[in-house]
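All chains should be built: construct the whole structure from the sequences, respecting the hints.
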Amino acid sequence: MDQGMELRGCVCRIKSSALELLSMEEDLTTDLDDDLWDLVRRDLQLKATFLYIDLNRVIACNECEERREEITLLANDFFYFMDEVNKSQPDHPDINELQTADQCLCTINQGLLVLDF
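Counting in the working numbering, the sequence shown runs from 1 upward without gaps.
The hints are simulated quantities; they were obtained by calculation from the structure and are not laboratory data.
Because the structure is a prediction, the values reported are computed rather than measured.
Distance condition first, Cα-Cα at most 30 Å in a straight line; then the derived DSBU-like pairs of lysine-lysine:
#1 87 <-> 47
#2 47 <-> 15
#3 15 <-> 87
Set out below in structure tokens:
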């Protein structure tokens with residue numbers, strides 16, 4: 001497969017996953033029962049897995065060192081916030097967890113701007 005085509009596919013999937021995550025904002029910032037929170041958490045983990053694979057490919061294929069570092073920093077921030085959201089307790093949401101979810105979504109927005117090839 002052409003590397004340029006693969007890279008465009010990765011960027012397309014990253015943007016699609018990011019938009020899906022942004023659409024989940026209400027789920028991340030509202031009080032959900034245990035079963036719903038478990039479904040949201042699993043969906044987040046699945047999306048994060050695909051994002052990790054695609055971001056890894058984009059970073060590896062990028063020839064500009066400065067851009068590679070920028071994407072790497074955003075990816076690191078994103079996965080840190082994703083871990084924090086996944087650790088949060090569904091029955092005890094507090095303001096810090098909601099701020100973490102909001103930071104995660106802001107990181108996604110920044111990443112969409114950076115990935116605009």
